[in-house]
Amino acid sequence: MNQPASAYFIEDRHDPNETHTLAVLVQNEPGVLARVIGLFSGRGYNIESLTVSETESQKHLSRITIVTTGTPMVIEQIKHQLDRMIPVYRVVDMTQTKRSIERELAMVKVRGEGEHRVEALRLADAFRARVIDATTESFVFEITGNTDKINQFIDLMRPLGLVEVSRTGVAAIGRGPEGM
Amino acid sequence: MSDKSHDPNQMTGAAMIVRALIDHGVKDIFGYPGGAVLPIYDEIFQQSEVQHILVRHEQGAGHAAEGYARSTGKPGVVLVTSGPGATNMVTPLTDALMDSIPLVCITGQVPTHLIGNDAFQECDTVGITRPCTKHNWLVRDVNDLAKVLHEAFYVATSGRPGPVLVDVPKDVQFATGTYHPPRKSDVHRSYAPRVKGDATQIRKAVALLAHAKRPVIYSGGGVINSGPEATKLLRELVEVTGFPITSTLMGLGAYPASGKNWLGMLGMHGTYEANMTMHDCDVMLCVGARFDDRITGRVDAFSPGSKKIHIDIDPSSINKNIRVDVPIIGDCGNVLGDILQVFKAEAKKPDIKAWWQQIAQWRARNSLFYKKSNDVILPQYAIQRLFELTRGKDTYITTEVGQHQMWAAQFFGFEEPHRWMTSGGLGTMGYGLPAALGVQVAHPDSLVIDIAGDASVQMTMQEMSTAVQYELPIKIFILNNQYMGMVRQWQQLLHGNRLSHSYSEALPDFVKLAEAYGGVGIQAHKPADLDGAIKEMISVKRPVLFDCRVAALENCFPMIPSGKAHNEMLLPEQANDEATATAFAGGKALV
Numbered sequence: 492m493n494q495p496a497s498a499y500f501i502e503d504r505h506d507p508n509e510t511h512t513l514a515v516l517v518q519n520e521p522g523v524l525a526r527v528i529g530l531f532s533g534r535g536y537n538i539e540s541l542t543v544s545e546t547e548s549q550k551h552l553s554r555i556t557i558v559t560t561g562t563p564m565v566i567e568q569i570k571h572q573l574d575r576m577i578p579v580y581r582v583v584d585m586t587q588t589k590r591s592i593e594r595e596l597a598m599v600k601v602r603g604e605g606e607h608r609v610e611a612l613r614l615a616d617a618f619r620a621r622v623i624d625a626t627t628e629s630f631v632f633e634i635t636g637n638t639d640k641i642n643q644f645i646d647l648m649r650p651l652g653l654v655e656v657s658r659t660g661v662a663a664i665g666r667g668p669e670g671m
Numbered sequence: 008m009s010d011k012s013h014d015p016n017q018m019t020g021a022a023m024i025v026r027a028l029i030d031h032g033v034k035d036i037f038g039y040p041g042g043a044v045l046p047i048y049d050e051i052f053q054q055s056e057v058q059h060i061l062v063r064h065e066q067g068a069g070h071a072a073e074g075y076a077r078s079t080g081k082p083g084v085v086l087v088t089s090g091p092g093a094t095n096m097v098t099p100l101t102d103a104l105m106d107s108i109p110l111v112c113i114t115g116q117v118p119t120h121l122i123g124n125d126a127f128q129e130c131d132t133v134g135i136t137r138p139c140t141k142h143n144w145l146v147r148d149v150n151d152l153a154k155v156l157h158e159a160f161y162v163a164t165s166g167r168p169g170p171v172l173v174d175v176p177k178d179v180q181f182a183t184g185t186y187h188p189p190r191k192s193d194v195h196r197s198y199a200p201r202v203k204g205d206a207t208q209i210r211k212a213v214a215l216l217a218h219a220k221r222p223v224i225y226s227g228g229g230v231i232n233s234g235p236e237a238t239k240l241l242r243e244l245v246e247v248t249g250f251p252i253t254s255t256l257m258g259l260g261a262y263p264a265s266g267k268n269w270l271g272m273l274g275m276h277g278t279y280e281a282n283m284t285m286h287d288c289d290v291m292l293c294v295g296a297r298f299d300d301r302i303t304g305r306v307d308a309f310s311p312g313s314k315k316i317h318i319d320i321d322p323s324s325i326n327k328n329i330r331v332d333v334p335i336i337g338d339c340g341n342v343l344g345d346i347l348q349v350f351k352a353e354a355k356k357p358d359i360k361a362w363w364q365q366i367a368q369w370r371a372r373n374s375l376f377y378k379k380s381n382d383v384i385l386p387q388y389a390i391q392r393l394f395e396l397t398r399g400k401d402t403y404i405t406t407e408v409g410q411h412q413m414w415a416a417q418f419f420g421f422e423e424p425h426r427w428m429t430s431g432g433l434g435t436m437g438y439g440l441p442a443a444l445g446v447q448v449a450h451p452d453s454l455v456i457d458i459a460g461d462a463s464v465q466m467t468m469q470e471m472s473t474a475v476q477y478e479l480p481i482k483i484f485i486l487n488n489q490y491m492g493m494v495r496q497w498q499q500l501l502h503g504n505r506l507s508h509s510y511s512e513a514l515p516d517f518v519k520l521a522e523a524y525g526g527v528g529i530q531a532h533k534p535a536d537l538d539g540a541i542k543e544m545i546s547v548k549r550p551v552l553f554d555c556r557v558a559a560l561e562n563c564f565p566m567i568p569s570g571k572a573h574n575e576m577l578l579p580e581q582a583n584d585e586a587t588a589t590a591f592a593g594g595k596a597l598v
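Going down the list, the sequences are from chains Z and F.
Residues 492 to 671 in our numbering are what the first sequence lists, from first letter to last.
Residues 8 to 598 in our numbering are what the second sequence lists, from first letter to last.
There could be a bad hint or two in this list.
[As the list claims (entries may be wrong)] Label pairs and their computed distance ranges (CB to CB):
{"hint": "1", "chain 1": "F", "residue 1": "Asp148", "chain 2": "Z", "residue 2": "Ile623", "range": "35 to 43 Å"}
{"hint": "2", "chain 1": "Z", "residue 1": "Asp574", "chain 2": "F", "residue 2": "Ala513", "range": "50 to 58 Å"}
{"hint": "3", "chain 1": "F", "residue 1": "Thr185", "chain 2": "Z", "residue 2": "Pro521", "range": "16 to 24 Å"}
{"hint": "4", "chain 1": "F", "residue 1": "Ala126", "chain 2": "Z", "residue 2": "Pro521", "range": "15 to 23 Å"}
{"hint": "5", "chain 1": "Z", "residue 1": "Met671", "chain 2": "F", "residue 2": "Trp363", "range": "45 to 53 Å"}
[Claimed, not checked] Once the Cα atoms are required to be at most 30 Å apart in a straight line, the calculated BS3-like pairs of lysine-lysine come out as:
{"hint": "6", "chain 1": "Z", "residue 1": "Lys550", "chain 2": "F", "residue 2": "Lys519"}
{"hint": "7", "chain 1": "F", "residue 1": "Lys211", "chain 2": "F", "residue 2": "Lys239"}
{"hint": "8", "chain 1": "F", "residue 1": "Lys203", "chain 2": "Z", "residue 2": "Lys550"}
{"hint": "9", "chain 1": "F", "residue 1": "Lys548", "chain 2": "F", "residue 2": "Lys519"}
Hint data in this document are derived by calculation from the structure and do not stem from the laboratory.
Since this is a predicted model, take the numbers as computed values, not measurements.
Ideal Cβ placement from N, Cα and C applies to all residues, glycine included.
Please model the complete structure; the sequences and the hints are all you need to start from.
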């Protein structure tokens, strides 16, 4: 194993990356989101998507949903690193439970005339996207679904005059009667 | 006037801070005043329960508090002002985070209404220190202050210890509010470190230990942080099992260096026997250590044939670098107690005579060998003499970072925990002198020695002034080779002997420098003079700078070259140019 001159041991890691969705329950206090994001940037972890909002205002609890990628060892690290933060109550790996539902909302603006306009509307109907704004030359569609579905819809809109997209990022919840 | 004026718990924020320190049993704090902490300094002036040590630079306060904490097991406390006061604390906070040292740092902040306005001496203290503290708080309401201060002490000292910071704007220090003594509800409900190990895992661990043929115990700083009970239990476990034990840099002293099962330190500059034992073992018990990259060498070749048990209070330490077979999350002392109990009840001492014979062969390689000289002081020899001449005395050792630090770890034998203060994780040059100050404040009658290098010691030299002011008789034992020795060693090994900026052209005269500060300067040039000079240093009851002129080009061996495994160590007798070139093959050609 050749490596350049270094005071550190440089190694190639060959484990394949996995994508996981983590639900993190935190005390809603100043700086808590900065702590979570800082952990990811500081330790070189990836954030594919991040969604955060207060979910129980009386208890000051917020729920953060993070979609991240990494080797199985890195994913384990991320969970432990999150869990040991002082304002973090719980970390649940929604992907590992295999019993979770993931949804994302996107607003998609499309500009066009004639055939393109008709086609966009027809595809929107097929994807159960709603028209939430319209002018004579544009639509804004609202679409909800998992990430793949939204990606697919956006790809279809591209040749039809896609202008811009605003996405919420993924929210996830477990199936069945139990809470996290 | 309302009734509240007679309520003894009504007080200003500044008074609450001092009151909280007293309630947490704090006797000494380290700090430096400035505009944003003046109300707190005014309170300190008007009481006598908390002694304040005035340093010369905030970084010095931080390292002094670390030395205080490491040598006592109690939290170190720092008080500094906003802006530059806070930014100068970043290094010691990071250092304490890496080495799990409990620190409570209180910083002043500009008044609440000026935060975000780029006010004079304003900085985003909680933002800057978020990644280098275990937790931090900005207190915007004086009525939150007591709760936050109590929580700060709890977070710093519980679970895996670490530094915390409380940022207090000046208007909050002036405002009056209600104080309360520490209570359980002051702590986040989300924070509950696990202390007790899982019983099933403990049984699995004992089963592995009981059937081990080639076992090793690898202990770390976590044992020392856990407290005296953990040290006692570790020693008992070694006794009961008869297993060999090695330790990380941070863990030295938990098992006595004179103990018969002691292998010496492991890792990059550890002993051959320690690293070979780690490499060839069949069962490894890691207690309160974290498989750091200086310890493991090449990860994919790290102890390939062993089952690994890992005890750690921090779940994120487990499976971070090395995958283990039996993780046990809990406090080292608590888990060791449980393991011992089960072991004594259900297992008997395994027969590992053959293993010890193998270890004896590795020991016979004498990996700490160096060539003595009558003309020039070898740095290893200087530390051996320092060790011999301080034996039996109540001695505490701090170090800076570099070759001298490794030689100190190799040649100074520690018999007890809390006697060895060094910057392990962060590797902070300039740590040792202020750390020695902190140790001396905590142990005024003890012999406190900073084993230093000529480069490191200049980074925080200004704290000699603090030592003189408070009559703290610290001894700064400088192994002066006029190089940044460890930098030079790597340049020799890996960068074609091009010694880029690792030589100090213009060193101060350390003897005159000591005298300029009002301390004592001592110099030794020849091996024959060394003992007398060290004895003189010990007998002087004032701060000493000891300029020990050592062999300039000596390097630190044994060594695991980068990209190599534990069984590919470079031993001192092999460390000629040719062998070194081969060992570092794959790197740049050596000249």
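The hints, checked one at a time:
The beta-carbon spacing between F/Asp148 and Z/Ile623, approximately 42 Å, falls within the hinted interval of 35 to 43 Å. Distance hint check: the CB atoms of Z/Asp574 and F/Ala513 are about 51 Å apart, consistent with the given range 50 to 58 Å. At roughly 22 Å, the beta-carbon separation of F/Thr185 and Z/Pro521 lies within the given 16 to 24 Å, and the hint holds. Between F/Ala126 and Z/Pro521 the CB atoms are about 19 Å apart, so this pair conforms to the stated range of 15 to 23 Å.
The hinted window of 45 to 53 Å between Z/Met671 and F/Trp363 holds, with their beta carbons roughly 51 Å apart. A threshold of 30 Å between alpha carbons decides the hint, and for Z/Lys550 with F/Lys519 the separation of about 63 Å lies outside it, so the pair is violated. Using a Cα cut-off of 30 Å, the hinted pair F/Lys211 and F/Lys239 holds, with the two alpha carbons roughly 23 Å apart. A hinted pair counts as satisfied when its Cα atoms are at most 30 Å apart, and F/Lys203 with Z/Lys550 qualifies at roughly 29 Å.
A hinted pair counts as satisfied when its Cα atoms are at most 30 Å apart, and F/Lys548 with F/Lys519 qualifies at roughly 18 Å.
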